[in-house]
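Novice: So the protein sequences, as listed, match chains A and B. Take the first sequence: its letters are residues 1 to 404, numbered as in the numbering used here. Take the second sequence: its letters are residues 1001 to 1508, numbered as in the numbering used here.
By construction, these hints were calculated from the structure, which means they are not laboratory data. Glycine included, C-beta positions come from ideal geometry on N, C-alpha and C. Certain hints may be false.
The following label-pair restraints were derived from C-beta to C-beta distances [claimed, not checked]:
1. A:Glu287 to B:Ile1386: 21 to 31 Å
2. A:Arg210 to B:Ser1375: 11 to 21 Å
3. A:Trp267 to B:Ser1340: 26 to 36 Å
4. B:Ser1375 to A:Met29: 30 to 40 Å
5. B:Pro1059 to A:Asp23: 38 to 48 Å
6. A:Leu229 to B:Glu1393: 47 to 57 Å
7. B:Ser1375 to A:Gly137: 31 to 41 Å
8. A:Val265 to B:Gly1442: 16 to 26 Å
9. B:Glu1457 to A:Met29: 36 to 46 Å
10. A:Met29 to B:Lys1114: 47 to 57 Å
Some residues of chain B that are not near chain A, with every Cβ distance over 12 Å (derived) [said to hold, decoys possible]:
11. Glu1072
12. Asp1081
13. Gly1109
14. Ala1113
15. Asn1139
16. Asn1146
17. Phe1251
18. Glu1260
19. Asp1282
20. Leu1325
21. Ser1369
22. Lys1371
23. Gln1494
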Amino acid sequence: MADKRTIKTKHLEEKSFTAALADIIKNNMRQYTMIIALLLIWSIFTLLTKGVFIRPRNLSNLFLQMCTIGLLTGGMLLVMVSGNIDLSVGSVCGTLGAIVAYLMTRAGLHPIIAILITIGCGTLVGCWQGFWVAYRGVPAFIVTLASQIAFRGLTLLVTNGATIGEFDPGFKIIGQGYIPRLFFKDAPLHDLTMLLTLIAMVAFVFIEVRRRRKRIAKGFAVLPKSMQLIKLILILAAIGGVGTVLGSYMGAPYAILILLAVVGVFWVITTRTPFGRHVYAIGGNREAARLSGINVKKEMMKIFIIAGTVSAVASIVFTARINAATTSAGMLFESDTIAACIIGGTSTSGGVGSVFGAIIGALVMASLDNGMSLMNLPIMIQYMVKGLILLVAVWIDIANRTKK
Amino acid sequence: MNYMSEFMLEMRNIRKEFPGVVALDNVDFAVLPGEIHALVGENGAGKSTLMKILSGVYPKSSYEGHILINGETKQFQSIKDSEKAGIAVIYQELALIKYMNVSENIFLGNELAKNGLIDWDETHLRASEVLDEVGLKINPSTTVINLGIGTQQMIEIAKAIAKKAQILVLDEPTSALTETEIGNLLELLRSFKSKGMTCIFISHKLKEVFAVADRITVLVDGKTAGTFKTEDLSESRLISLMVGRELTQRFPPKHNTPGEIALEVSNWTVLDPEIPDKIALDNISFVSRKGEILGISGLMGAGRTELILSIMGTWGRRVSGDVRLFGSPVSVRSPSDVISAGISYLTEDRKGSGLVLIKDVKENMALASLKKRTSGGLIDCDSELIAVEDMVEALRIKTPSLEQLVQNLSGGNQQKVAIGKWLLTEPKVLILDEPTRGIDVGAKYEIYVIMNRLAAEGMSIIMISSELPEILGMSDRILVLSDGRLAGELTREQATQEKVMTLATGGK
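Using the sequences provided together with the hints, build the complete structure.
Specialist: Printed below as a string of C-alpha cells:
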C-alpha cells in the first residue's frame, strides 16, 4: 500500500478474483444477509405450506400485497435516515383513502381528478407535519403521534363512520388490475409482461456496460471482468425471475409498476441528489451538516412533504385494492413500515439506510403475513411473530453499532 | 501506610497517558490544610486532567502515581470514592439539573431517605442550612433554571458543603460570572478559609489568583514547574513560568506575503445566547489579508470560537458590527450564506461538529460543495469522484479507498478530510479552529505545510489555536482575545510567548 494513489483503478483490477470477491462480500454484507434472510424465509414457508407459497399465483399476490407498505417505506426511509420517525403514516393513509373515496363517490368527481386532489392533500399533510418538526422544533415523534390520533378522527369525519365502497373499474384497476395482454391471448406466459421484463433486462445491461466503459475511460476503479459478469447475471436472473413469476400468472399488476417507478425515484433522490446527501448528513451528524451550510430546517420540511405525498400514492393503491374506504383502513401501517425499514438495515439513530434495503424489508414483512396466513396461523400468533421480528431486527442494529 | 504529613493532600509522581500523548509527566502537587492553593497553566497544561485524577473520573488503573490524603494512601475508582474522602470538584460546566429545585439538586445522589422514602422536610431544612453557609438567601424550593449563573455556581458550592467536603476544587469558577459575582465568590472563598476549609482554585485570571491564593502551583506541558508562595511571585514572573518551555517544535519555512484586505470585521458585539445581558464579544474589529496566516490566540473562554461561530451566523445575538469580504458586505444569517460568500470554517471539534463519522471519505469531502457539482438536480458523480480523488492526493490523505468510513481513519487523516471538505468549496478565507488538535506530530507538520502552501497561493487563513508555539510559529500576525475583548495585536516579529500570555491573562 506504499503507492500514494491506492485508490486508483489498477489497484483493484490487479487483485485476484477471490480477493475482489472477499472485498465485495465484506462491503455489502448487510445487503447479502438481507437477501439470504428473505430466501430463507421463503424456503421455510415453501416447506411448511408444501409448495403452495412458491407458486406463481401466490408470489404474484405477495408482490401485490407488499405494494402499499413498499410505497410507504420510501417516505419512512427519508424520515428515519434523517434521525426522526413517522408514526402517522397509517392514520394519514386512512384519511387520504377516505378522501379519494369520498371525492369519487359522494362528490362524483372523475377518478383522475380525485387522485390528483388526494395527492395534493398528501402534500399538504406533509407541509403540516414538516412545519411543526422543522420550524417549530416539536420532536417528530410527538408531531406524528398527534397526527396519528387526529387523522383517525378525520377519517371518521370524512367517511361519516361508514364504509365508502365500490368504485369505478377504472380506479379499481390501480390496486387490483393487471396490464393487458398484447397479442397472444392464450400463451402460457403473459406477453406484455415478458416484453417489459426483456426491455428491463436489455436496458440494465446497456446501462451497466455504458457506465463501465465511461469509468474505465476516466480511469476510475471498476470491478474485475469476471465479477462484473457474475453481478450482471445475478441481477438479470432476479429481474427475469420476478418477470416470469408475474408472467406465468396474470401478468404484471399496475400497482407493481407504480411501486417500481416510486422506488426508482427514491433511489435517485437518495443516491444522486444533493437533497438526498443532506438527509444522510443530517441524520449522521446534524451539527456538522448545519456547519457545512446545509439548511437543516428546509431539508426537514422537504422530507415530510415527500413522505406525505408518497403516503397519498400508497393510500390510493390500497383503497383501490380493497375497493372500499373503511374507518379502520391503514391501522398498523406505521409499524409494518417502520419494521420494513429497520429489517432493511435502516438505523434507528439515523444516517444509515437504503431504498433497496427498505424494499427487501417490505418484502420480508409481506412474506411473513402471506406465509403465516397460508399456514392458517391464528392472527394472534401472527402479531406476536411480527412483533418479535421487529425487536430482534432493532437489536441486531444496535449490537452491530456497539461492536464498533 | 500511615505517617504524619504536614500536607492535607499530596499527589505524587502522577503520570497519565492518552493515546499518543503524555498528559501528565511525574507531576507532584501538595496542598496544605486550610489554604487556598491556585493551580495555573496554559490551555492543555494538564490542570483539568490532574483534577480528574483527584476526583476519580480517571480510575486508579488508568494512571501511575499516588494520592495521599492526610498522609494516607487513597485509591479512587469513581467520583463516589473521592467524595467519601472529602473531595468535591466544581466543574466549569455546571452539573445542576435545571428543572429540579435547589434542595433536590443539593442532595442529588445523597438523598436524605428514611426506609427508602425521601424525607422532604429534613431535606429542605438541611438545604436552607447549607445555603446560609454560602450566603445565599433564596428559597430552597426554587427551580434552578430560574436562577442566574452566579447563583447556580453558589449552589454547586452548597452542594459540596452538604457532602461535607474537606477539599473544595473550583475549576475556572469565574469564567461565566459578572464582576460583582466574582467579588462575592472570592469573598466566600476567604470566609471558608477562615473556617479551615482547604481550597484548590484553577483560574486563567491571574488577578483573581493573586487576590485569593496563598500558594501557587504552575503546570507546564504536563510537568510541575514549581510551587510558590504568592507573595514571592510577581505577575510577570508567573507568566514566564507558565510559558517556560523551550521552543523545540519545528515549523516549515514560510514564503507567503500578505496582500490586500480579504476579510474585515468591524465593531463586532455579540450577546451570550444563554446568559442574558452578558456581553460575550465586546466591540471587536480586525482584518485578515490575502496570502496571510492570521493567528487568534487567547485562553479557554476568551471567546475565540464564539467569535468565529457568530461570524458564521450560528452563535449568539448580534448587537452591532458587520463583516466585509473584499469590500462587499456579507450577510451572516446562516452558515450557507457565509460559505457561499467564500468564507469556510473548520470546526474545533472534528468528531462532534466537523465530520459525519458514519459516512465515507467521499461523501464527507463533497458535503459542503455539492451545489457546485449538481446539474439538473442530480449530482455529477464522476466529477465529484475526480474532485475528491484529486483532493485526497493533494492533501496526501491515507485511506484505503474513498468508500472508507471516516471513523476508521486516524485523527490526522480525519482532519485532512475535514480540511479537504472546505477546500472543495474554494474559499477565499479559510478559518481553521484548532487545526492540529489531537493529531500526531507528523500529521501536524503536514497540516502546517498545507496551510503555508494555501497562504502562498493567496488564500487568507485565520487560525485559532490554544498552543502558543503553534501561534508563534505559523502566524504572520496574531490577535489576542481576553474575556471577549480584543486585548491586542502583535506582528510575527513582535510576538513572544510572554507577550501573548500577558495579553491573554488580561495584563498590559
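Novice: Confirm or reject each hint.
Specialist: Comparing the hints with the structure gives:
no. : hint                              : in the structure
1   : A:Glu287 to B:Ile1386: 21 to 31 Å : holds (29 Å)
2   : A:Arg210 to B:Ser1375: 11 to 21 Å : holds (18 Å)
3   : A:Trp267 to B:Ser1340: 26 to 36 Å : holds (29 Å)
4   : B:Ser1375 to A:Met29: 30 to 40 Å  : holds (34 Å)
5   : B:Pro1059 to A:Asp23: 38 to 48 Å  : holds (41 Å)
6   : A:Leu229 to B:Glu1393: 47 to 57 Å : violated (31 Å)
7   : B:Ser1375 to A:Gly137: 31 to 41 Å : holds (34 Å)
8   : A:Val265 to B:Gly1442: 16 to 26 Å : violated (47 Å)
9   : B:Glu1457 to A:Met29: 36 to 46 Å  : holds (43 Å)
10  : A:Met29 to B:Lys1114: 47 to 57 Å  : holds (56 Å)
11  : Glu1072                           : holds (40 Å)
12  : Asp1081                           : holds (27 Å)
13  : Gly1109                           : holds (27 Å)
14  : Ala1113                           : holds (34 Å)
15  : Asn1139                           : holds (31 Å)
16  : Asn1146                           : holds (22 Å)
17  : Phe1251                           : holds (24 Å)
18  : Glu1260                           : holds (26 Å)
19  : Asp1282                           : holds (25 Å)
20  : Leu1325                           : holds (15 Å)
21  : Ser1369                           : violated (9 Å)
22  : Lys1371                           : violated (6 Å)
23  : Gln1494                           : holds (34 Å)
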